[in-house]
Structures are given as C-alpha cells and as structure tokens.
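**Student:** Residues per chain, in single letters:
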Amino acid sequence: MFRNFRNWCFSALTIVLASGSFTTYAQGDALFKSKCASCHQPHKNSTGPKLFQVRQKWTDGGAKEGSIYQWVNNWQTAAASDPYAQTVSTWSPAAMSAFPDLKKEDIDAILDWVDSQPDPAAAGAGDAGATGDAAAPTDAAGTTEETSNGWIWLILGVIFVTIILAVGGVRRQLKFAAADEAGEPLNEGMTYAEELKAWAWKYRLYVGLASLVVVISVVVTLFLGLYSIGVVENYQPSQPIAFPHAIHTGTNGIDCKYCHSSVTKSKTAGIPSVNVCMNCHKQINGRTPAQQEQIAKIYEAAGWNPEGAGSYTGKTKPIVWNKVHVLPDHVYFNHSQHVVVGGVDCKQCHGDMTKQVETQKVWPVEELNKIEGNIQLTKPTMTMGWCIECHAEKEISTGGIDTKNDGYYNEIHKRLLNNDKKLYEKYLEDGKVSVAELGGWECAKCHY
Amino acid sequence: MGMTRKYWKGLEELRETPEFLNSKDQEFPTQMSVDEFLGDENLKETSTARRDFLKFLGFSVAAATVAACEAPVTKAIPYVNKPENVIPGMPTWYASTYYDGVSYASILVKTREGRPIYIKGNKDFGFTAGGTNAQIIASVLGLYDAARLQDPTIDGQAKTWSKLDEGVNAGLKSAKKVVLVSNTVISPSLGMAIGELAASLGAVENPAKFEHIQYDAVSYAGMRLANKDSFGVELIPDYDFSKAKTIVSVGADFLNSWLLPTQFATQYGTRRNPSGEWMSKHFQFESMMSVTGSNADYRGMIKPSEQAAVLSYLLKGFGVSTGVASNLSKEVKAIADEAIKSLKASKADSIVVSDSNNKGVQLLVNKLNNVLGAYSSTLNLNNPINLFKSEDAKMNKFVADVIAGKGPDAVVFLGVNPVYTLANGKKFGEALAKIKTTVSFASHADETASNCKYVAPDHHALEGWNDYNAKASEYAVAQPTIRPLFNTASALESILVWGGKATRAGKDSKVAYDYIRKTWETYGFPSQTKYADFHTYWSMAVHNSCVEMTPMAPLAPLTFKDSAYTNLPKASGLEVVLYQKAGIGIGMQANNPWLQELPDPMTKVTWDNYITMNPSEMETAGYATTYDQEHGLNLAKVKVGSAELTLPVYPLPGQAPGTVGIALGYGRGANGENIGKAAFQTKEYGGTATTEDGKPAPIGANAFQFVQNDNGTLSLNASGSISKVDGTYPIAATQIHHTVMGRYSIVRETTLDIFKKGDKEAFNPAHTLQKMDAEGNHVEAPMSEFDLWDAHPVENIGHRWGMTVDLSSCIGCGACLIACQSENNVPVVGKDEIRRGREMHWLRIDRYFASDEEVVPGTKKDEFNYTKAEKASINPRVVHMPMMCHHCNHAPCETVCPVAATTHSNEGLNQMAYNRCIGTRYCANNCPYKVRRFNWFNYPSYKKFTEVNPAQDDLGRMVLNPDVTVRTRGVMEKCSFCVQRIQAGKLDAKKEGRPVVDGDFVSACADACPTNAIIVGDWNDLKSMVRSSSEDTRAYQALEEVGVKPNVWYKVKVRNEKNDVLADVQVSEEHHEAGKHADKKNH
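Just so you know, the protein sequences line up as chains A and B, in that order. Residues 142 to 589 in this note's numbering are what the first sequence lists, from first letter to last. Residues 146 to 1228 in this note's numbering are what the second sequence lists, from first letter to last.
If you are wondering where the hints come from, they were derived from the structure by calculation, not from laboratory data. Treat the hints with care, as some may be off.
[Said to hold, decoys possible] Derived lysine to aspartate or glutamate pairs resembling EDC-like cross-links, with alpha carbons at most 16 Å apart:
(1) B/K1131 <-> A/D253
(2) B/K220 <-> A/D470
(3) A/K406 <-> B/E258
(4) A/K563 <-> B/E940
(5) A/K406 <-> B/D1166
(6) A/K555 <-> B/E229
(7) A/K562 <-> B/E1039
[To be verified] Simulated restraints on C-beta separations:
(8) B/N1070 <-> A/K458: 24 to 32 Å
(9) B/N1083 <-> A/N416: 46 to 54 Å
(10) A/Y453 <-> B/T305: 40 to 48 Å
(11) A/M525 <-> B/N1070: 54 to 62 Å
(12) A/L350 <-> B/N1070: 26 to 34 Å
[As the list claims (entries may be wrong)] Stretch-level coverage of chain A by chain B, calculated; a stretch enters the list once three of its residues show a Cβ under 8 Å from a Cβ in chain B:
(13) 380-394
(14) 461-470
Bear in mind the structure is a predicted one, so any value in this text is a computation, not a measurement. All C-beta atoms, glycine included, are put in the ideal place defined by N, C-alpha and C.
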C-alpha cells in the first residue's frame, strides 16, 4: 500500500515536472512561430540565419554577455555596443524587426525550443511527426490509393487451393493404398465430382443449410452492393501533393475562403491557383524533408527558384489535382448559393478540415453528423437523397418575419402571406419555411 | 358571313394531299426508317443467331454493370496564375465588334474559363443597339472549326511564318505591280497599314506599283454612284427607320440582308408596336418573298425590271415626271396608290429604299426621297455608312486582266473569295496560277486560297484586335476573347510585317494591338475633350467597344442635283433574282452547321438552296407543288447566258410571276476544297457524300455565276430561262410536319384601324365554352371556368416565369433560334434527320401564310374546303410565330409521363429531368404545341452525325455551354425557358438581398431578338414588363380552348393596312356567333 503510494507520488511528480518543462517548450514553440518563423528556421538559413544553438555561437564568437537578448529587442543598439553583433548585422542587407516586448525568459524559451529541434537533414525522413507539430503529411497519404492488398490475398488463395488439392490427392492415394493393402476392390472409377456428390448426399442436411446461408448472403451482399453504386463516401483519391488541410486551416487557422476564394461568387469553390499558395510558401518551405519535398512541388509548378533570395523562372506547370467531390454532369450545384444565400458552413458537407491530416476525402455522413452545428442527415454523402434531405431540414431566411435585411426573401414571404395565407400557414406548421417548401425539391433546381 | 382569313402552313395542308393527311397524324414518323432499315442490303449479309444475340446481350449487361461501378477519376487543374477577371464557373463578358465584310454589329461575347461560348448584341453601346442576326450569333461556332488553317501554308504545305514572310516579301518586292483585293476596309488601322505597305513597295513614287481594290460579293456600288450624281459625293447616307412613318422598299430586304440590317431591324421594331405613339406603314414591292416583304403591311409583286416603273409611278403621284415608263399591273398600281397617299401624309418622315445596284434606279430613289424631303429627317447625308465600298468597275477590269493573262505579278486577297463569288470565278481561279505571287488571308483553304501560293491565315474575329469605322459617327474596337487557337496571325500584323513596320512576335503578338492603340492615340484621343489621359480614354473605348464621334460636316452642305435616268434595267424572259438567306448569306459560314440547319424564314427549308417559284406558275408548268419526306421536288435547269445550274423548284407563294429566286451562298467547296465537313452533303449513315468524280458533294449550287455586269456594277438580277429536268430532289423542310391540326385559334391578326377602336372583343375575343347553369340553360362561360385539374399554386405566390411574344414586331429573322441553339447545346441533326421530322430545335418559328377565304378565324364551316383558299395564295399575307414550350400550368405532358420525368415547378416551369426520362414519348404525343423533341440518337458520338454535329470533335465541343447538360439518346428535351439563366438571375438577386427585377432573367431568345418582340420575366411581379405586356388588350394564348393555361402569351399581329373585309368581320357580336360555331366544331 505504502509502496504504491510512493510510486503514485513519484509518478505524479514526474508528470508535474514534465508538464512544467512542456509549458516552456510550448511557449517557445508558439513564440517562435508567431515572431520568428517568417524569417528564421532552426536548421536552415532563410531570410535570417538559422537559429540552432545560436547562443553558443555568439558566446563562441566572443559576444558580450546578454548581447543576444539586446539584439532581439533592438538589433541596432546591440550592434552599436557589441563588435560581434556588429558583424552579425552584416549577414544580410535585410534588417531584422525589433521585438522590444520579448523578455529574456521569452527569448530563452524560444531558443531552448529551437535547440531542442532535431536537424531534419541529419535525422532523416523517418520522424516527421517528431516536431511536436500536428503530424506532417507523409508520402503514405499520396500512395494509399495505389497500394492495395488484393494481390496478396490472391496469391494466398492460390496457395491454399493448391495445398488443398495436393492434400486431397495425397489423401486419395493413401486411401487407395490402404484399400489395396486391405485387399478391397479399388474404386478408382469414382471421380472427384462423384465423390463430392456422394459426400454431399451423405451430409445433405448440413450441405443444404450451408448452401442456403451462402445463397442468402450472396443475395444480400449483391443487394447492398447495388445500393452502394454511386456512393462515394470515403473516396480519397491520391493527390500530386499530399496536402494537409489540418496544418493550414487547423494549426494556422487560415480561413477556407482565403484559398477557395470563388466559393462566395461562383458555382465552384475553386482549387486555389498556385500563385495563392505562393503568397505564403514563398517564405515557408517546410521544416522537415517530407514537407520540403511537397512544397518543392509547388515551387516547380509556380516556376519558383528558392535558391538565395528566390526568383521566378517563368517555367510554370499546372498542378493536376484529382477531384474529390465529383458531381455527375447532369447535376448543377452552386457553392455561392449555399454559402452566401443559404449560410451553410463548409463543414456541413466537407467535414472538419481542421482535423483532416491526410488529403481530403468524401466524409461519410456518420462523421459529418458528429460535427457540432451540422444538420443531422442519414443518407450517404454526395447522394441525391443526402441533398434533398438537407433541403427538407434547412430553414431558409424567414424574410419578413425576422429583421434580417433580405429583400429577396422578404418579397417571397410577402407574396405567400398576401396571396395564399393557407399555404403559408401549412408551410409554417413546423415553425419554419424549408428549402423544399420553396421549391428546393424540384427537378429543375439542380437538373438542366 | 364575313371573315376572311385562314392560315395554312404549306401547300400540302392547303390541298390536303394524301401524304400530308397521313403524316399530320404522326409527329414522329417512323415507318420510313424501319423500311429503310429492313431494306438495307448490308443487313442481309450479316446474320446474328439467337444464341449469339443472347450472348451479346449478356455481355453488354455485364459490361454496363462493371462500367457503372467504377467511378472515373476526374481531374481538376487550377490556373498557375489566375487572371484577376476570371472566376472559374462564372462567365466573363467582353464588349467587342463583329464585322465580316457583310454583317456589322456591336456585340457582347460571353466567355467561360477563357472560352467564348455565346454572342449577343450590345444593347448599351454602339449604333446597332443590340441588333444582331443569326450569322453573327452563330459565328462563335466558326472559332472552333477544325478545318481552319492551323499554320501558314506555301503551296498547300504548312510552313513557318518566317518562311512565308520570306517568300511573300520577295514576291511583293520584286513585283512590278501589286494588287490588293479586299472586302470593304472599314478599319482605320488596317487602312493605314495598307498605306504603309503600299509606301514600302514604292507606291508613293510610282502609284502604278500598288493598287487596292475593294470588292464586295454583293455590291452597293450603284447606290454610291447615284449619290455621287445627286450630291457630288460617293456615299451611302444613314437611314433611320425609327423615324419613318412610311417605308417604301422596292426590293430591299432591309430586315435581313440589305446594307445594315442589324441597325434597321432594331429601328423598324421600335415602330411596329400599335400601342406606341405611331406605327409605321410599310410598303414592299418585290419579286421574291423576302423576310422584309413578309412583314410588310402592303406587298406588291413586281419583276426586278419593273422597279424603275414603280418608282416612276410613285414620283408621278408627286407630280414629278421622270420620263421613265410607269406601267404597272392593276394590283401593284392599287398598292402604289396607297403608298403615294401614305407618303403624302408622312412627307419627310418617310424612307424609300431599293436593293437595285443600277445607278438609274437609285437615282429615282434619290429623287423620290428628295421630293419627300427625307434627306432632312430620316436620311442623314452627314453621317454616311462606310460599309460596301465595292469598286465594281475596277474589279471587273482586274478580273478581265487576270483571265487574259495580263494581270499583275502579285495579288493579295483579304477577306474576299472571288473564285467563289465572281460570275467567272472558275476561270479567274485557273488564271491565278499564271500570277507569280498570290497571297490570301483566308482562314480556310477555300476556293481562292487553294489557288494561291501563300496563305497567311488571319485570326478568327474573336481572336484578334481590330478597329472599325462603320459609320462616320462611330469608331469601334474589336478585342480578342481567347488566345489564338492555332498558329494564325492578324492580317493587320502580316501587312505591317510585309510593309517593314513590324516584326513577327509569335502567338501572343501585340503588334496589331500596339498599332491600333497608336492609331487611336494619334487620331481618336485628340479629337475629344472628355478624357484627359489616353489610358482612360482607351480603357473606355475597349470597355464599351466603341466611341461616338461628331461626324465632320461637309465643307459645303450637300445639295440635291437632278440627273438623267439612263441605262435602266431591261429584261426579257424569265427574270432571276439572287437573294441572301438569313442563315447562309453569301456563304462565308457555309460550313457552320447551325446556320445550314436554320430553317429559311420563308420556306423553312434547311441544308439546301433551290429555285423559288410561284405555285400557280409551277402548276401551269407541271412542277410538283407538294413534297414530303418521301416525295421530293422536281428539278429544273435555270440558264442565264452560258451559265446554268440545276436545282429543285420550291413553291413559294408571293413570288412574282415570271420570276424565280435563287439563294446565294451555296455550292461552296465545289472543287473539294477543305472548308469544313458541314459544308458538304452527308450520306444517310454518315460520311461525306461524293459526286461522280469522287469529290465531296457541295450543298446546293453556286448562284454567283448568274451575277451580271450591269453597266459596270454587279447586279443580282438576271434574265434567263428555266426548263424542267428529269428527276426529283428530296427536300428537308421543318414545316411540313407539326401541323396545327386545324386549330386556327393559334394566330390572331387585325388591322391598326380595328385595333385603334379599342374593342377587344372584335380583334381578340376571349375564348368561351358553353356550360349549363343552375336552371339548365346553356350559357357562355370563359375558359377559366373549365378545368380538369386543381389550380397549380404558382399564380400569385413565389415567381411565375412568363413570356410574351409580340407577333407584330416579330420579323421571323431566326436570330432567336440560333441563340437558343447556342445557349442550350441543341444538337444539329443533318438533312436526313430533318426529312424524317426529327429536328431538335427547341424554338421554331412557324410561318403561316394567309388567304382571303370567306371564313372567320378559328372556325371551320361544315362545307369548308382547303382548296378554296388556293387562289389567294399567290401573294399571301404572312405571320411569323415563334413557338417554344409554353410551360403550361396544366401541362398535358406532365400527366402522362409514367416516370414523372417532366413535372411542374412552383415557379410555373415545366421541368424536364433527363435522367428520369425513359423515352416513352407520351409527353410529345400529348403536347398541343408540338414543341417536345426526342433524342433519337447519341448525337455527340453516333457516326451519322460526325460531319454535322460540332459536339463530335474536341474543338467543337468547346462551344458547349457548361451550365446545360448535353442530352443523351432516348430522352425527351424541350425549351426550358433557359432555366439556367433563371437560376443565375435569382441567385444574383438573392446574393444582393433584393427582389428579382426585370433584366435579372432574360432568356436567350429574348436576348437575341433585334426587335424586342420577346419579353420574359416574373409574371408575379406586378411591376414587371411581362405582366403588363400579358395584360395588354392584344395578348392572347395560343390554343386557349384546350385549357392548358400556358405561361406564354402572344400579342395579336396588327397590320397597318386598310382591309375592308376584315373590318366587316371583326365585330364583337359576330365574333360571339363565330365563337359558338368554333366550339361546336372543336369540342
């Protein structure tokens, strides 16, 4: 009991200590990202020099005690008072911003964090997740589609069938041998088929039951299989770039509309053009080799040469993405209608992108339903049933009833109220006018 | 009893031929195809055993299942650098200008993801005020023509531009004389560039070194020469038809082809509304029943040689003696007397025009206009039209020189195809081989270009920069709407390069742009004061596509001078009139399947030209006057001088006796030139048909060989003879099918006088039926009281999309039909399918001939006989009636669909869900308007349509509207009221948080209509135009008595004529009597 208590205390203490150090670690991480990351990287020179063990470097270089903190607060005062800082200031013509609000502890936290970062070049591609960041995408995401285990099963199946046949043959030979030994007449005339028949007849009850089970399951499978035709839930095609939504919209909190800018204007949300990627990625070229490899693909597409200060070569190459949400030709869907007019949140149909670490997929309806604020639906995602189910549920602007300044729906409500009050009341029985009640279930809303 | 007029769609109906009676009951005639299918010899050789068939069937099912399970991977390729003004999924509109040497209009081009897909008129800027025509709208398809030259060629071999420039430069520099033959150059920049080229060739020192001849296939030189005599300046004045209270046209088809129809039709349309301030009165004296003639209030039939007599008679009415004979037939004289009366009333507010290219006739026109004082009102000499500056005499001499082998050593052809358009073009083409350097800018290896050593293909009109000065008061810009598809170069650039003023700059060359911009900076910018810097000025010009200018007034006011009327046209024997069809024109777009399949406004014939003749004359001469899918028309040979051509003879009521009409623009590619697959006849199951000598068989025959040299000007009127030839020729017309089944409540017509009295019951009575009241008496009750169905809740709530079509302003030009085809991806089906009655047009324009039968409209007397109407059909009145899905609120098609593929929306639309449709065709059977179309084939892939359907090649597919499904085999389709535009319009309003207003939704047909005859909008919006239009006294619904409650209203056609018979008939009480009569018959 006592031992247990001691153990418990010990582990509790460990946790407290660990979480304490984790706090500074997390603080350093956050500060680095918010203040330094646009110009500095731990292991690589970019706009500013690499920061790995930079305190040691300054000390080795003969810098005055504390000069580095002064430098961060305002590099010009440091350069004026310390010859080493003076030499550092010649590293690049670009002047570093002043950070007078960073305290010594803050700077230490940042540099501690930086020093704790493994050098990706040395560490290799394996530990992409070791940065403490949300897991970076790996090549695996890009190749899951192509690699399939099917062929393994096929080979195994062939091997098993061969073994069964071989064993069966051996057994037959043994039986013949035994019969020969016993002097019984050889029944060699019986083929496999006849033997099987005889066997089946002998156990006809069991065979019959088993057959029934097999037939029923085949029929059920077929039936379910037919139902699944056209259901694209979990469809996750491979992509030329293993794009992690989680980092962009989750970790970095970029608004969906920043990249999918036509979502409020057009029927398509729009896959961002490469120049939009380059707005950020001109600076951010990835911390891990895995990330760098992916981001290099953007550079290739944009014709960007990241060497030195970077320059555009003019040789561009569009990125060929594989479409995830594919609607058949005879369906017209307009994003702006849903996002601007209907006020539908992206996550209603596309899922919680802040958690989508791998490339995008068609989220199954069960997962969509788990997201807070989503209208609960039952039909598989991207089927017509799913669309019209939502149209039946979703309330459209109540127009004149509420105070929203919506001239279009005000007018529609007014016409209903003035000209067919009975119908209007019928619509309002459930307390709302749904999309379907104003024609959202009509063929020519989406098919023309 | 009184009334007068009965409407019939063709002589077949008029005479009730057995074939007609048989076919009218069958909207989808199928026996023919079955017979042919079984009669196919190849079929006998193939044998498919039952077991094989089952195997195929089984395999197909399995294959289809497997194919259906696999979702193909769809690619999405975003821009690398997205242009700022392109939003994927949203159209980008560009203002531009269209000019092809014949048609001119300010246009708006709709592009989607960088592809131009639709053209419409620019209603905001440009003097054409939104007017376009079928050819301009269809020109977008020509951009994606795979037969266009994709590289410059030397001797027919593709070469690089540097090679071509080298050759041409050497050829031009070494030549003793260079001749540039172009169509009328209205581009200031191009004109200057030609000047630069001439200068670089030494023309400044030695003017004989370079000659520029402007040559138009259809010449207006006679007009310019006449104006030179009358006013001292070779010009064509501007005409304002919106000011003309009386219009007298002597042969000029000014709504369709004469001079500047894009402007004239729009202006004309503004004055055809009988409720307006005043309505114009239109007199037409012509030989061939033209689009313009069919809209006239009075139409007199004359031979072309009688044009001078008509004008002289009119002048005599004003006491002017011309010395020209004025003998006219009794009928024409009566109309001419009416015209004189009307001209005397309207005086200066009149227009007299003539299509004659004879100087004498045009001098008579000038005289009459001057007597009227029209030069002070409707005609503007100070704002001349710069189109059609054909120098016929110079061209004639040049052609003669070339044929005689005395030609220059270098010829450059720009925008012309003289080998095709010259009467002696064939000889001219052969003689071109004798010239050392021949250069063409043609986009195809056409008749002329294939005879040229060098071809420097020009950009398509939508690919390059250009500027135009079509009228003195306006300078216009044409801007590219797509990066050049092929390795072509702007003609302007080529001329600058050869003139040593520029160097080639490849596909993204800015040479033409820079040059035009410079021109505008040097000349346009300083001439105005509104814009302080050139950049703003230029941006405005490009944005609007044009800038207005105050035309420079002549130094001395132009005064009229009398001249002698000499060399007036004389004729003997049969007079041949060459005319331009609405779709084909002079044949520049002969390879455009949309235009080939556009039914001619008058004859409704597609894919052919023919000889038009009055049916009464045809009967005398023993020609068949009826035809159908199995029975073709007789062939005849027309001879003019030594030229002759054999064509079928088409019975066209209204054709002046003693004359025949033949359309220009056909017979392209007679020597097998590669001008595009659709320009040639196709075989029944696909593939290009060939002539006996193995060349692709052209469509129709080239009537340009009949063009006459009339005292130095090129005349489209000729004298000749006609003789019957053995054999018949199958005709594909869209209007021997789809009969109105004797329900004549479709078309309503009245005169302005009756309309002005305001008695709606007289000219537009509501349809009533008898019913039993409570006491058991028969009483008349309006249609609204009879209904099989419960009311559909579309009236008054939400939207209700409606349309009104004003039969008074509709001129039947066909622009709406092509706009619909372009907007809605309507497939082209080819001649053979049209013959089977399987055309796919969502919108058709029914043309009804009228005659003065003693019948009340909408009734059939018991003893009624179609043949009695025969006599009046010699010169009938015509009504054009656009017919599309009526979106009936009680649609009969919806109730019979077994799978609910066609349903009603709560916005009044009759929706068509293609994916549900299983193709029973019950709906089409049940449609009273016969507007549903069935997809018999997979038009985008079946081999039969490879030649005609643009959607069959990768390039042609680019013209498809991505917002509209391409329908597949086995489904019904029909006019959707451009539901994609309705949705887009509503979305705009929703996003802006405002109610839908007029203009948010405009259907393609309404968009294209030059006369604004079609109005669409939200009928439930009490302020909307469509609501007030549908509540007009003229509004009625076609076939109201069937009670389908359509959302389309027509407005009674009003003719500004004196019609005593009609005045007797259209009296309220009598109408009630007549109405009863009709009901008994029809129900």
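**Student:** Evaluate each hint against the coordinates.
**Tutor:** Evaluated hints:
Straight-line distance between C-alpha atoms of B/K1131 and A/D253 comes to about 59 Å, which puts the hinted pair past the 16 Å bound. Among the hinted pairs, B/K220 with A/D470 is consistent with the structure: their alpha-carbon atoms are about 14 Å apart, no more than 16 Å. Taking the CA atoms of A/K406 and B/E258, the gap is about 14 Å. The hint holds against a cut of 16 Å. Of the pairs offered as hints, the one joining A/K563 and B/E940 holds, with about 14 Å between alpha carbons and a cut-off of 16 Å not exceeded.
For the proposed pair A/K406 and B/D1166, the alpha carbon gap of about 26 Å is over 16 Å, so the pair is violated. Restraint check for A/K555 and B/E229: the C-alpha separation of about 39 Å exceeds 16 Å, so the hint is violated. Note on A/K562 and B/E1039: the hinted pairing is violated, with a Cα-Cα distance of about 27 Å set against a maximum of 16 Å. The beta-carbon spacing between B/N1070 and A/K458, approximately 55 Å, falls outside the hinted interval of 24 to 32 Å.
Take B/N1083 and A/N416: their Cβ atoms lie about 41 Å apart, and the range 46 to 54 Å is violated. Take A/Y453 and B/T305: their Cβ atoms lie about 29 Å apart, and the range 40 to 48 Å is violated. Taking the beta carbon of each, A/M525 and B/N1070 are about 29 Å apart, not inside 54 to 62 Å as hinted. Our hint of 26 to 34 Å for A/L350 and B/N1070 is violated, since their Cβ atoms are close to 55 Å apart.
Here the region 380-394 of chain A counts 0 residues with a CB under 8 Å from a CB of chain B, which misses the bar of 3, and the coverage is violated. With a threshold of 8 Å between beta carbons, the proposed coverage of the region 461-470 of chain A by chain B holds, since 6 of its residues qualify and at least three are required.
Comparing the model with each earlier hint shows violations of hints 1, 5, 6, 7, 8, 9, 10, 11, 12 and 13; every other hint is respected.
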